[in-house]
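Asks: On the provided structure of chain A, position chain B as indicated by the hints.
Heads up: the sequence lines are chains A and B, in that order. Residue numbers for the first sequence, in the working numbering: 210 to 330. Residue numbers for the second sequence, in the working numbering: 35 to 321.
Honestly, I wouldn't trust all of these hints.
Partner residues are not named here, just some residues of chain A that face chain B (Cβ under 7 Å, in silico) [what the hints assert, rightly or not]:
{"no.": "1", "residue": "D223"}
{"no.": "2", "residue": "H264"}
{"no.": "3", "residue": "L284"}
{"no.": "4", "residue": "G285"}
{"no.": "5", "residue": "F289"}
{"no.": "6", "residue": "T291"}
{"no.": "7", "residue": "F309"}
Output of the computed footprint for chain B on chain A, the stretches with three or more beta carbons under 8 Å from beta carbons of chain B [stated by the list, open to error]:
{"no.": "8", "segment": "212-218"}
{"no.": "9", "segment": "293-299"}
Chain B regions said to be covered by chain A (calculated; three or more residues, Cβ under 8 Å) [what the hints assert, rightly or not]:
{"no.": "10", "segment": "118-124"}
{"no.": "11", "segment": "243-255"}
Since the hints were derived computationally from the structure, they do not count as laboratory data. C-beta atoms are modelled at their ideal positions from N, C-alpha and C, and glycine is treated no differently.
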Amino acid sequence: MSKYLLDKFLYTVDRDPDLVERYRSDPRGTVEWWEAERANAVLNCHAGEASTWQHFEADEREALVAQDYERLFELGAHPFLTLTLFIAMFERDNKEPLEFQKAYGATLAAHFAMPYPDIAT
Amino acid sequence: MAEIVAVIASTHHPFYYRASTATGADRPPFADEWVAKIERFRETLTRARPDVLVMVGSDHFHQLWLDNMPQFLVGKAPFYDANWYNEEREFGLPRYLLQGQEDLSAHLLRQGLDAGFDLAFSNELRIDHSITCPIITLRPEADLPIVPVYTNIFAPPLPQPKRFVDLGRAIREIVESWPSEQRVAIIGTGHLSLELGGPRQFGPHGPDPEFDRKAVEWIASGDLEGCLAEVTLESLHSPGNATHGFMDFMLMMGVAGEGRKADHVDSLDLFHTMEAYFTWYPNGVPQ
Numbered sequence: 210m211s212k213y214l215l216d217k218f219l220y221t222v223d224r225d226p227d228l229v230e231r232y233r234s235d236p237r238g239t240v241e242w243w244e245a246e247r248a249n250a251v252l253n254c255h256a257g258e259a260s261t262w263q264h265f266e267a268d269e270r271e272a273l274v275a276q277d278y279e280r281l282f283e284l285g286a287h288p289f290l291t292l293t294l295f296i297a298m299f300e301r302d303n304k305e306p307l308e309f310q311k312a313y314g315a316t317l318a319a320h321f322a323m324p325y326p327d328i329a330t
Numbered sequence: 035m036a037e038i039v040a041v042i043a044s045t046h047h048p049f050y051y052r053a054s055t056a057t058g059a060d061r062p063p064f065a066d067e068w069v070a071k072i073e074r075f076r077e078t079l080t081r082a083r084p085d086v087l088v089m090v091g092s093d094h095f096h097q098l099w100l101d102n103m104p105q106f107l108v109g110k111a112p113f114y115d116a117n118w119y120n121e122e123r124e125f126g127l128p129r130y131l132l133q134g135q136e137d138l139s140a141h142l143l144r145q146g147l148d149a150g151f152d153l154a155f156s157n158e159l160r161i162d163h164s165i166t167c168p169i170i171t172l173r174p175e176a177d178l179p180i181v182p183v184y185t186n187i188f189a190p191p192l193p194q195p196k197r198f199v200d201l202g203r204a205i206r207e208i209v210e211s212w213p214s215e216q217r218v219a220i221i222g223t224g225h226l227s228l229e230l231g232g233p234r235q236f237g238p239h240g241p242d243p244e245f246d247r248k249a250v251e252w253i254a255s256g257d258l259e260g261c262l263a264e265v266t267l268e269s270l271h272s273p274g275n276a277t278h279g280f281m282d283f284m285l286m287m288g289v290a291g292e293g294r295k296a297d298h299v300d301s302l303d304l305f306h307t308m309e310a311y312f313t314w315y316p317n318g319v320p321q
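Looking at chain A on its own, in the form it has when it is part of the complex:
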């Protein structure tokens, strides 16, 4: 269980315009590269001071590769981070205003009721 690392992926990709595009067009390649090269980076520290123990569980990695926001919600990824990044990747495909955002809510509504999965890290 590495909710923190899921959140770290969403956070670091969302704030980087190039990574947003890379994740949209090559999800598996981006997730595998990120886990190998970035997962252990301590933000604000240089590369020599990295962590050594961070990795995804298999189902977390697959949820990111599948860009499966429903599964990410179930795993306890922070919903603000997931929403923000997924809007960045998919709102552009909307045929009408808020189409993706409403579909996202409806998909979750079909499978989740209160209480929602715990997001505490």
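Replies: Just chain B now, with coordinates in the frame of chain A:
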């Protein structure tokens, strides 16, 4: 000593900027009513003639992150750059450079620490839309120095609601003890019921109109006792998964004071979330 000339609590809706500046077919049908309400709200600050703004908000995972998360943080810097790439991308927000009021930041930190609040501080803080939305709505000239105060309503474990209220009370006392002749407005933004990234997001109204009705009543009447009797960290999950942002309103109720009725109250029912605007004048309505 400094005078608190206005206490203002507001929602911070990042879509306001785009809605209010859109024209033609891009302008949403609710934009004109929204702009009219904001202009009336803005006048409540303008007439108080503030020199300095203390601004309470909550970073949305922009600079503050889970590897080093403060519960309450005061900015102490000569300047604050504002707004982030993903806020430009999603909301079309402009960038700002706001001036800081470092001596008031230092006073707030020293007195806050001595009053039992272990405040974190930042000497280089890029602020986000929780603070720039009220700049856009209330002071679009962006010409006054600020002291930003960030709270954690976002990354559990969170402080208890009462702690927000207590910090608000302390901020009120500390600003009033600032040895300065400046006129200070204290402005804070939060949410009513709100759902982000969950099943109830982007509905025709906020996710819990009944909570919103009660919340507006608590704030407008200064009913801290009633509010604290009902609101807990656990209960705030129920109106919507981002409703812990209501604790910033509770902080502002602490600033305004128990039983203090707001001098200006307004709200606007929008899709996704309800907007709400409150102004108190601690020393009477300015003439």
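Asks: Confirm or reject each hint.
Replies: The hints, checked one at a time:
Contact between D223(A) and chain B, as hinted, is supported at the beta carbon level, the nearest pair being about 6 Å apart and thus within 7 Å. With its C-beta approaching chain B no nearer than about 17 Å, H264(A) sits outside the 7 Å limit, and its interface hint is violated. About 13 Å separates the beta-carbon of L284(A) from the nearest beta-carbon of chain B, more than 7 Å, and the hint is not met. A distance limit of 7 Å between C-beta atoms decides the matter here; for G285(A) the minimum to chain B is near 11 Å, and the interface restraint is violated.
Because the closest C-beta pair between F289(A) and chain B is about 5 Å apart, less than 7 Å, the hint holds. A cut of 7 Å between beta carbons decides the hint on T291(A): the least distance to chain B is about 5 Å, and the hint holds. The interface hint given for F309(A) is broken, as the beta carbon of that residue sits about 10 Å from the closest beta carbon of chain B, more than 7 Å. Counting residues of the segment 212-218 of chain A whose beta carbon lies closer than 8 Å to any beta carbon of chain B gives 3, which meets the minimum of three for the stated coverage.
Only when three residues or more bring their CB closer than 8 Å to a CB of chain B does the claim for the segment 293-299 of chain A stand; here the count is 3, and the claim holds. Against chain A, the segment 118-124 of chain B contributes 5 residues with a C-beta closer than 8 Å to a partner C-beta. That satisfies the three-residue criterion, and the hint holds. For the segment 243-255 of chain B, the stated coverage by chain A is violated: 0 residues have a C-beta nearer than 8 Å to a C-beta of that chain, whereas at least 3 were required.
Violated hints, listed in ascending order, are 2, 3, 4, 7 and 11; each of the other numbered hints is respected by the structure.
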